[in-house]
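J.: Below are the chains, spelled out letter by letter.
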Amino acid sequence: MEFLSYLIIGVSLGSVYAIIALGYTMVYGIAKMLNFAHGDVIMVGGYISLLSMTSLGLPWWAGVLLAILVCTVLGVVIEGLAYKPLRASPSLAVLITAIGVSYFLQNAAQLLWGASPMSYTPIVSGSLPVGGLSISYISLVTIVMCVVIMTALTLFTEKTRMGKAMRACSEDKGAAQLMGINVNRTISLTFAIGSALAAIAGVLLCSFNTSLMPTTGSMPGIKAFTAAVFGGIGSIPGALLGGVLLGIIESLAKAYISTQLANSIVFAVLIVTLLVRPAGLLGKYVPEKV
Amino acid sequence: MGKMIKLGKKRSVNLTKTRVVDFSTYLGVVLAFLIVDAMLRGGMLSRSFSGQLIPICCYIVMAVSLNLTVGILGELSLGHAGFMSVGAFSGIVAAMSLQGSIPSEPARLAIALVVGAACAAVAGVIVGVPVLRLRGDYLAIVTLAFGEIIKELINCLIIGHDENGLHVIFNFNSSKTVSDLGLTENGIEIIKGAQGATGTQMISTFTAGFILVMITLVVVLNLVRSRSGRAIMAIRDNRIAAESVGINATKYKMMAFVTSAALAGAAGALYGLNFSNLTSAKFNFNTSILVLVFVVLGGLGNIWGSIIAATVLTILPEALRGFDDYRMLIYAIVLILVMLATNNSRLKALLARPFASLRARAAARPGKEAQ
Numbered sequence: 001m002e003f004l005s006y007l008i009i010g011v012s013l014g015s016v017y018a019i020i021a022l023g024y025t026m027v028y029g030i031a032k033m034l035n036f037a038h039g040d041v042i043m044v045g046g047y048i049s050l051l052s053m054t055s056l057g058l059p060w061w062a063g064v065l066l067a068i069l070v071c072t073v074l075g076v077v078i079e080g081l082a083y084k085p086l087r088a089s090p091s092l093a094v095l096i097t098a099i100g101v102s103y104f105l106q107n108a109a110q111l112l113w114g115a116s117p118m119s120y121t122p123i124v125s126g127s128l129p130v131g132g133l134s135i136s137y138i139s140l141v142t143i144v145m146c147v148v149i150m151t152a153l154t155l156f157t158e159k160t161r162m163g164k165a166m167r168a169c170s171e172d173k174g175a176a177q178l179m180g181i182n183v184n185r186t187i188s189l190t191f192a193i194g195s196a197l198a199a200i201a202g203v204l205l206c207s208f209n210t211s212l213m214p215t216t217g218s219m220p221g222i223k224a225f226t227a228a229v230f231g232g233i234g235s236i237p238g239a240l241l242g243g244v245l246l247g248i249i250e251s252l253a254k255a256y257i258s259t260q261l262a263n264s265i266v267f268a269v270l271i272v273t274l275l276v277r278p279a280g281l282l283g284k285y286v287p288e289k290v
Numbered sequence: 001m002g003k004m005i006k007l008g009k010k011r012s013v014n015l016t017k018t019r020v021v022d023f024s025t026y027l028g029v030v031l032a033f034l035i036v037d038a039m040l041r042g043g044m045l046s047r048s049f050s051g052q053l054i055p056i057c058c059y060i061v062m063a064v065s066l067n068l069t070v071g072i073l074g075e076l077s078l079g080h081a082g083f084m085s086v087g088a089f090s091g092i093v094a095a096m097s098l099q100g101s102i103p104s105e106p107a108r109l110a111i112a113l114v115v116g117a118a119c120a121a122v123a124g125v126i127v128g129v130p131v132l133r134l135r136g137d138y139l140a141i142v143t144l145a146f147g148e149i150i151k152e153l154i155n156c157l158i159i160g161h162d163e164n165g166l167h168v169i170f171n172f173n174s175s176k177t178v179s180d181l182g183l184t185e186n187g188i189e190i191i192k193g194a195q196g197a198t199g200t201q202m203i204s205t206f207t208a209g210f211i212l213v214m215i216t217l218v219v220v221l222n223l224v225r226s227r228s229g230r231a232i233m234a235i236r237d238n239r240i241a242a243e244s245v246g247i248n249a250t251k252y253k254m255m256a257f258v259t260s261a262a263l264a265g266a267a268g269a270l271y272g273l274n275f276s277n278l279t280s281a282k283f284n285f286n287t288s289i290l291v292l293v294f295v296v297l298g299g300l301g302n303i304w305g306s307i308i309a310a311t312v313l314t315i316l317p318e319a320l321r322g323f324d325d326y327r328m329l330i331y332a333i334v335l336i337l338v339m340l341a342t343n344n345s346r347l348k349a350l351l352a353r354p355f356a357s358l359r360a361r362a363a364a365r366p367g368k369e370a371q
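Here the protein sequences line up with chains A and B, keeping their order.
Under our numbering, the residue at position 100 of the first sequence is numbered 100, and the numbers go up by one with no gaps.
Under our numbering, the residue at position 126 of the second sequence is numbered 126, and the numbers go up by one with no gaps.
Okay, chain B solo, but in the shape it has when bound (with noise of 0.2 Å):
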């Protein structure tokens, strides 16, 4: 049991462990980005590391979506960057063709973000329908299936946009061109097929993918702390047992798959307006394995982990630049070296000495109350 906080004559919190990592959460994420954001404004960012900042908020919504995947619901996927996908190229269309109708930025960059996640949200019903059926490492090769079929299908598009509405071919034997669309004068070519997304109006903002990042976590964390999040846990911890108190396996596991997958779309759509070219190869099996890999060393489950991890592990091949050809090989060495030494049991019990007997002494003190 926590303390009990009072709050005024007669609401109360009850500080548990769990609250305490909450809001130090939150509260960490604010200070980074206030922190962030004043050096930002006052020139102190190398221009590296600014124009990282976007790809680097996105990450942490991809990493933090996916462990809600992997990590709370404890089912592995390997295609989460379809996802992605969906979501950045349905932004993208959304933001293009408002662009007349809707001169303000801020609104128009909300819109897309609302549109990639409903996109990637009813994908993600497409997807877990047959997905979550199968388990471990046939769930894994199935959403990999899905991510590169996901893939491929956005190569095959062709959208557009006049004042007539969308314009949109499927191109499936590389026959049609842009020209094909029959746009007016007035129109604009959004996807151009294998080219992908071209000439988009860059409308991302720092402050935008913060507002993400936060968004991301009250949603990932009250969902996990809730009933559902407690009923989820129970299946990946055992399904059999979960389902027989009456949980309803199939229900949870989409509730989370499908929150996975909206959240993955509207990292994506603050990734696609970031960026005045995109292909839907960006989106492919290395990314989905990227964010896979921030969730791992972040800590299944662990949603600052997941934060951390997904901001050092952009910033590190960009920080490794110094060593030029070298970088992605020195990259897979700490990967392969941190999984090692994490998972070294006599490292473990070395680092876990001195914290121990610490603890040991903190519990051993006297006028400590009893717990």
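Looking at chain A on its own, in the form it has when it is part of the complex (with noise of 0.2 Å):
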């Protein structure tokens, strides 16, 4: 009983983690890029909702969405004037300079919400019980999203043209921008949906924690681009396989092994995986020919 209660959370915690995952993934295998950026991103996401619902007094699925469009609008800011100016410059220039950005997005949070930690209101509370356990609502709503973005997202690349021209960029941006695609708006547009991703995993987030401040988005984020890692960067069934393994892991070695170790415990794990499946779980391993 008490095993699955704590495979329950997390599942849940990795269903966040595989979110912002996903937003990870897509960016970098459209720009092949690190976007550093990305975890503060969802704590921008956090803050815009918690505002919205204490300062402005709006219901919770409004300032989710005020939270997403913010969101949105940041994301492709950011890349309109950070990274389009580098598109071409070697890849080490576009990590620092999101780097750049990860700090801006922070200190301007500081100086305009505080340093200290503000209490978030979960959007849902309240705990429904099942047999002997009794599962978060949050926990639940959490796996829900997971699956219907995850299962978006597949139908949104697979299907429809958009999502055909992103695939084909991230294969081959020259042959693409032959066959008539617009690189550049199909950039914007994927980290469009990555920063609007990227803020419905704050609002997950902070219901889990309970707390927001200026540097909650940086350890997730470095977690999330772990799982993308180890799902293998640039797939999307690998986003969301890493991040739940990821959230189980983690949850399962705070119970039973420690506390302080469990950090480095996911990250051993994501080590041994890579020395046997250098592309990740589901990653192609694309051997190089001379």
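What the hints contain is simulated information worked out from the structure, not anything from laboratory work.
Treat the hints loosely; a few may be bogus.
[Stated by the list, open to error] Over 12 Å on every C-beta distance to chain A, these chain B residues come out as not near it, computed from the model:
id, residue
1, Ser-48
2, Gly-100
3, Leu-183
4, Ile-215
5, Val-219
6, Val-295
7, Ala-352
[To be verified] Simulated restraints, written as ranges between beta carbons of each label pair:
id, chain 1, residue 1, chain 2, residue 2, range
8, B, Leu-27, A, Met-219, 42 to 48 Å
9, A, Ser-5, B, Ala-194, 26 to 32 Å
10, B, Ala-38, A, Thr-259, 51 to 57 Å
11, A, Gly-114, B, Ser-345, 54 to 60 Å
12, B, Arg-135, A, Met-219, 46 to 52 Å
13, A, Val-147, B, Asn-173, 51 to 57 Å
14, A, Thr-210, B, Ala-281, 20 to 26 Å
15, B, Ile-315, A, Met-219, 43 to 49 Å
Every residue gets a Cβ at the ideal spot worked out from N, C-alpha and C, and that includes glycine.
Relying on the hints, combine the two individually framed chains into one complex.
T.: This is the structure we're talking about:
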């Protein structure tokens, strides 16, 4: 029974990681860049939803919609101002710029909203008794959201014209452009989707932690990045699998081995996995050709 | 080809461009040290600045050593602070345990630096074997993972020393405290788990920092200009081509990675012995990123660029203290703008034009020997 409840916590935590990792992996797949500012977009989403609920007095769904809207615009603006001019530059230059954007968002949040943690009221409260267990509604909402987002994204990339354009761009930008695809607009769209997912993840994450501060996003950001690599970066089902597995490992490690070393155990599993499968669980290994 | 300079009857030095750059790097560091040291003795430096001198030396060593991995070897490492952490805490343990037996502070500091470097080198080998099998972004994430693992492992350590030797406890489920060490009356507690090292004797000096910077420069510049260094750069530029001419890629990658880790360990020991309290949380992902920013802004593979970037960017947040709350925001904006400006082809062309015309004029000047 105890094991099952830890497992459910793990799956719901993992679902949050998976939603963040989806944003990471889509941006990586198309722009081939590690967007370190992604974790901070989560934090911004959390603050917007919190403030719209407390200061503006909006209902929770309106707060979530506003957070999604603001984060989407923020993601597109960041991409346009900071990353687009560097598209032809070496990847390290883009990485450092992303770190600069991350610092900027954290410090701007600190100036606007203060450095001390704010308490966050979960969007749904209470729990559902099932047998001897009690499953909190927020866990259920998170798991359902994750499955819905995952299905929607898969349908989008497989069936729609924009989704096809996205896949084409991630495979070969030059060839995609020759086929009449607007590469810049496709990349902007990817950032918009990724940031909207980050906003949703922000709301869910803060509902779990019930607190929020300017650095809230950085550790989940790193873990989601780990999850994306674990599942095979660039692969959408991989992000889901990686995120959920990571959440389960973290939750079980915290419960049965050591609270202090939970993150280390997660990272150690990642290292061992990458040694056995160098491109992640579901990633395709592309051998180098001469 | 450069000029030949005669040194005595038989010896002569071929003054190539790289040699000129190397010697001016050494000369610049020595001059900077002499000037700053004279100002320090004359009491011309503000307290906040003189307190930063040792950290600046540490960050210079960190940046130069990371440049060896990222710039010369061409592998992105996001866990360099982990090696600094290993060096810092092993150095603190060495210096504190030898307090009774070696009274001389400089000697203890030197031993601490060597111990820090050795422990970090061992960590470098342990991390390097799995990490260097991977490529690109996968390698980056694994170095990040190792950095975080090292941070959490050190967080669990409780170490004390008494006349019976070292006492070490690994406190992985926070059930143990310092009293479990079983120290005798004269024993000292050195590292207290999550509280980190407290009550450390601050024996680091600016002169030691300068010597460490010089040693680092000698090691890195000589490695880069040697046969091994050329092999390392060949692997960076084209691994397959390098392997096909018989270069052992694993061996040279390990050489660069472990050297880099050892130097970071020495820097960590110097850093650790500069503060009376130090927790392993200081050496987190953000510190690794900070050093990476020095390396990229200074220029990949450019040693003196790393030195200048590390110095300027350590002073900059302090210099911006007048802006108070806005300083880190300004730092972030400066960072983004610098990256955008240095990678802007139009701006580069604009800047290159006057230099190009100067160069063309210099080349056209009559009487200059043909090269």
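J.: Against this structure, judge whether each hint is valid.
T.: Hint check:
1. Ser-48: 21 Å, holds
2. Gly-100: 32 Å, holds
3. Leu-183: 23 Å, holds
4. Ile-215: 27 Å, holds
5. Val-219: 24 Å, holds
6. Val-295: Answer for B/Val-295: violated, closest chain A Cβ roughly 9 Å.
7. Ala-352: It holds; B/Ala-352 is separated from chain A by about 17 Å at its closest Cβ, greater than 12 Å.
8. B/Leu-27 x A/Met-219: 42 to 48 Å: Because 44 Å falls inside the window, the suggested range holds.
9. A/Ser-5 x B/Ala-194: 26 to 32 Å: 27 Å, holds
10. B/Ala-38 x A/Thr-259: 51 to 57 Å: 52 Å, holds
11. A/Gly-114 x B/Ser-345: 54 to 60 Å: 41 Å, violated
12. B/Arg-135 x A/Met-219: 46 to 52 Å: 26 Å, violated
13. A/Val-147 x B/Asn-173: 51 to 57 Å: This hint is violated: roughly 35 Å between Cβ atoms.
14. A/Thr-210 x B/Ala-281: 20 to 26 Å: This hint holds: roughly 23 Å between Cβ atoms.
15. B/Ile-315 x A/Met-219: 43 to 49 Å: For A/Met-219 against B/Ile-315, whose Cβ atoms are near 29 Å apart, the range 43 to 49 Å is violated.
Taken one by one, the earlier hints fail for this structure at numbers 6, 11, 12, 13, 15, listed in ascending order.
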